[in-house]
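A.B. asks: Protein sequence lines, in the order shown, are assigned to chains V and S. So in the numbering used here, spot 288 of the first sequence is number 1002, and the numbers just go up one at a time. So in the numbering used here, spot 315 of the second sequence is number 614, and the numbers just go up one at a time.
In case anyone wonders, no lab produced these hints; they're calculated from the structure. In this text, all values refer to a predicted model and were calculated from it rather than measured experimentally. Ideal Cβ positions, reconstructed from N, Cα and C, are used throughout, including at glycine. Certain hints may be false.
Facing chain V, according to a computed beta carbon distance under 8 Å, are these residues of chain S, among others [said to hold, decoys possible]:
1) I334
2) A338
3) Y579
4) Y614
5) T654
6) D661
7) A663
8) H717
9) Q718
10) G769
11) L781
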Amino acid sequence: MTAFRSHLEFLRKTDDCCWLERPDSPSPQVIASEALRADGPVLRCTTNDARVDLVAGVYGGVDGLSRGNRFPWSRLGIGLGVDQEPEYVDVLEAITDLGDRLDEHDVTYVERAATATDPSVRELGFPTPPDGTWPRLTLGLLSVGTDDGSYWTPIHGTVLDDNTIRARVPDAITDRFARGDVVSVALGVPAEALTATYLLTVTDRLSTPIEERRVGSTVPVIPTGGGLVPSSSEVVLEAEIADQQPETRSEKREFWERIVDGTTLTLDVTSVFTRDDAVVPFTPLDVPLADDLQLVALTLAAQLYDRANSYWGIAPVEWLLLPASGRLGVCVVSTEMLYAGFEWQLSNFLFSFSNCYDTVVVVDDEASPRDLGQVLADIWVKAHPSRDWLFSESDAPVARLPTYSRDGTGARLYVDATWDPRWDEEYIAPRVSLTESYPPNLRAAIRGSWSEFGFDTDPEEL
Amino acid sequence: MSVDSFRTFLDVLERGDAITRITDDVSWDLEASAITMLANETDDRIPVFESVRNQRSDTNARLVGDPYRGPQQCPWKWFGHAFDLPVDSGPAYYEGMIDRLHEPLEPRMVSAAAAPCKEVVRTGDDASLLEFPWPYIHQGDGGRYATLATLVAPDPNSEWGSWSRHRTMIHDSSQASVLLLAGEQVPNRYYFEYERDDEPMPVALTIGAGPAVESTAEMWIPVGRSEVSFAGGLRGSPVELVECETNDLAVPATAEIVIEGRVMPNERLDEGPFGDYFGYMNGPRRSMPVLEVDAITHRREPYVPFCVEGSGVGYGENSSSTLAIAAGGPDATLGLRIAGFDVELAAPWPFTSRTVWVIAVDRAYPGALHELANFIFTTWGMLHIDFFVFVDSDVNPLSPRAVIEAIALHADPATDFHQFGVERMPKVPLNIYQTPDEKGSATVGTSRTKTSKAYIDACADGDRPAQGIGDRDARERARELLVEAGVPETAFEPAHTTGAER
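Full structure from sequences and hints, please.
C.D. replies: Right, here's the structure in full:
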């Protein structure tokens, strides 16, 4: 388990974090949005007062559309403890594992790092977006304690006054509490904890307490007024569920609300606990590559990858990606082509298990998720314009995330950018690449003389 | 001052610390190309090979690997510097190029004595292609290739001839095979006029003619106009031409090498396989028209620029992909506007620059996109382009993220994907999705079987999601703060780029 502040330290060591003193203007939300647009590093806004430090991009950013040593899953993978340079599939499997059911409770209790403080919620200094009136907290973890255990979900909201939060939570959790009950909100939690809340929410698995999930045995926790929260949480709020549920149709949504229904709560905060020099994550909403969007992309991809490889008795899928740049309107899957027609079977399987997208792109198993550029070439180069762009009849259920308006039904499309398994070997065109176009001794000699030739880059990265 | 030759272009690169001069002996046999491909993929300096092993004579030619390649984040950068155009934004560079193309300048003839390309003149049996270290580029290629060559050919509608780019496979001292694909102007003239009349077509293959000439060779210039006058417009000064030794054609006086000859009627030599711009080896070996050499003139210690084809797909850039974005895009944008289409910008898809184009356009009337696709597919997009993606006029086609978002969110599989001329359209045999049988060996260079093309309507019709938050001042201040914190300024899409205000 990696505490949130340790996660940030690892990101700093990988040279993927920039620091700036929090300005009065513009809003950190604007700065974070611009950093995401620029495919920039993690942004940390520091303060010298009672306000918390703010960090954006810990889970988001990185579109993978240019060559680099950072990938859309790198930052989360580091937080999940996969590796300093995590492989994509390892990250997917680590995410999936967090949601596994356990037969026995195996919870580790550790003393709470955040201690009681005087400041009100407002004094914590959450950033106010330029189009908003109130400060906004995002990327929070709601903990609801019950006799069966604690339930974790995502939570975000606005700070209305010193101690009132208008919050959005998944509908599915509202059966677990009643008005007047106490719940807890944790901010700056370990990546495992936040990822698990997104995973369990977007895969509709909130009916089991976290003590019976792998995440409950992975993340040390501590009881609070509301339920268990990660012990290392940077900020913990205890709050009562208020009586009234105000109308908030105009409020912005976190991306998980595009997948499952959410509801609005009013929380009266009764206690605020913070760590020394507390630092919490935040994200601008509805902008490209936002943290909430990337968390949903990775957790949904993990679920689909796991399902596709648990269905046919073997594991044909190499990887599966929902590019955040496409705001989850397209699914890319790399697979072994088991037999002629498997691409049809796999594509329709993926349509069956998610209603986010209506387009699936199938690529060969030698394609790398680290080389999305090659995928974005093969879609057009390997796929025949008429034979390999395949549309269903227009009577399929409409996908959830694309924005065009349709009434109930529409078509689905899959692009088969793989070699046809019926083709003779002689039909398969070799790729032009360093590996396939030049003999190994020549490649080794060139790499050995690379800097002497006057080049600066590291050829081993390829 | 715009550059006027290949050598002054190298000076631009040198000033930008963008080349490395390698003095170690390097072989033309895969080694120079492998080094170039690795430099292309790592976005490193452009290699100039000062000492090429195993040259047959005392020509002392030098190879230059993909000299026109631009940085992956800003492919037009060196062309912008060469032509004194803005480089911090793709759309601004495009508009600068378009302004120059609006003002072509007629070339100026100079004497042979004033032409650097005549420093060495060899004719008849003294002229040998094997004098030069043509690179063997990929394992599996059919032979050694001239890949960055501008072919000057006669044009009855233009005083200065027609200029275009064709890969050429070297066979021996006096013969090469030239990839001529029917559908393009020069090949059409060869197949349907010269060859039918059993006449050889006089040509001049120029190597190292500089960025202005190479750019216009990439463009689709209307019949009756001359590429070289547009090259003058790009430079802002007339291109200097000199007469050939053995035919009536005029060639750039500063070219590194000029190969004069004739494309013979009804004669064919093997051509290919070759790892071309798709990023795959395309085959099978075909028969292509024969270039018979009559004379070769060149500068002393000439540079032989070459392109490692196939390395410009995916993230990588090479000369071909950069020429497509930096020259082909502005030309297409201008051409469509002149044809009456309300096009904001047309640009090739950076991950496979010839197969897919993205066009930002206002849909002026019902059916406008179909009409636009039809126009291009039947003219300059006939051979190489398979797909168009139409996006709103405030989407930057040079931003892959914006285009992917547009396709993912706004292209409805039920109504917005339009297959065009299903299995009825001509196709170059360079693709990899047709089988070798389907490609066949048609006499005019196109595939034996027809194919189809498609366009995608990814316009949002007013429903495009926000690309950022805050007003313009707040965003600009945010960028300044991020730059102060260490984020490179080049990471930001310029404020005046289309769509940045959303």
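A.B. asks: Checking hints one by one. Is H717 of chain S an interface residue toward chain V, by the C-beta closer than 8 Å rule?
C.D. replies: violated, 11 Å
A.B. asks: Interface hint check: G769 of chain S, Cβ to nearest Cβ on chain V, cutoff 8 Å. Holds or violated?
C.D. replies: At about 4 Å, which falls below the 8 Å cut-off, the nearest Cβ of chain V leaves the hint on G769 of chain S intact, so it holds.
A.B. asks: Quick one, is the D661 of chain S hint okay against chain V at 8 Å, beta carbons?
C.D. replies: violated, 18 Å
A.B. asks: Measuring from the C-beta of Y579 of chain S to each C-beta in chain V, is the shortest one below 8 Å?
C.D. replies: With a minimum Cβ separation of about 4 Å from chain V (threshold 8 Å), the hint on Y579 of chain S holds.
A.B. asks: At a threshold of 8 Å, is the proposed contact between Q718 of chain S and chain V supported by beta-carbon distances?
C.D. replies: holds, 5 Å
A.B. asks: Tell me if the interface restraint on A338 of chain S is satisfied: Cβ within less than 8 Å of some Cβ in chain V.
C.D. replies: Cβ of A338 of chain S sits 6 Å from chain V, so the hint holds.
A.B. asks: Once the shortest beta carbon distance from L781 of chain S to chain V is found, is it less than 8 Å?
C.D. replies: holds, 6 Å
A.B. asks: Under 8 Å, Cβ to Cβ, is where I334 of chain S needs to be relative to chain V, so tell me if that hint holds or is violated.
C.D. replies: holds, 6 Å
A.B. asks: Report holds or violated for the interface hint on A663 of chain S, using the least CB-CB distance to chain V and a cut-off of 8 Å.
C.D. replies: violated, 20 Å
A.B. asks: The hint names Y614 of chain S as touching chain V; please verify it with the least Cβ-Cβ distance against 8 Å.
C.D. replies: Given a least distance of 4 Å, the restraint on Y614 of chain S holds.
A.B. asks: Is the hint on T654 of chain S kept, meaning its closest Cβ partner in chain V is under 8 Å away?
C.D. replies: Status holds, d = 5 Å.
The structure shown violates the earlier hints numbered 6, 7, 8.
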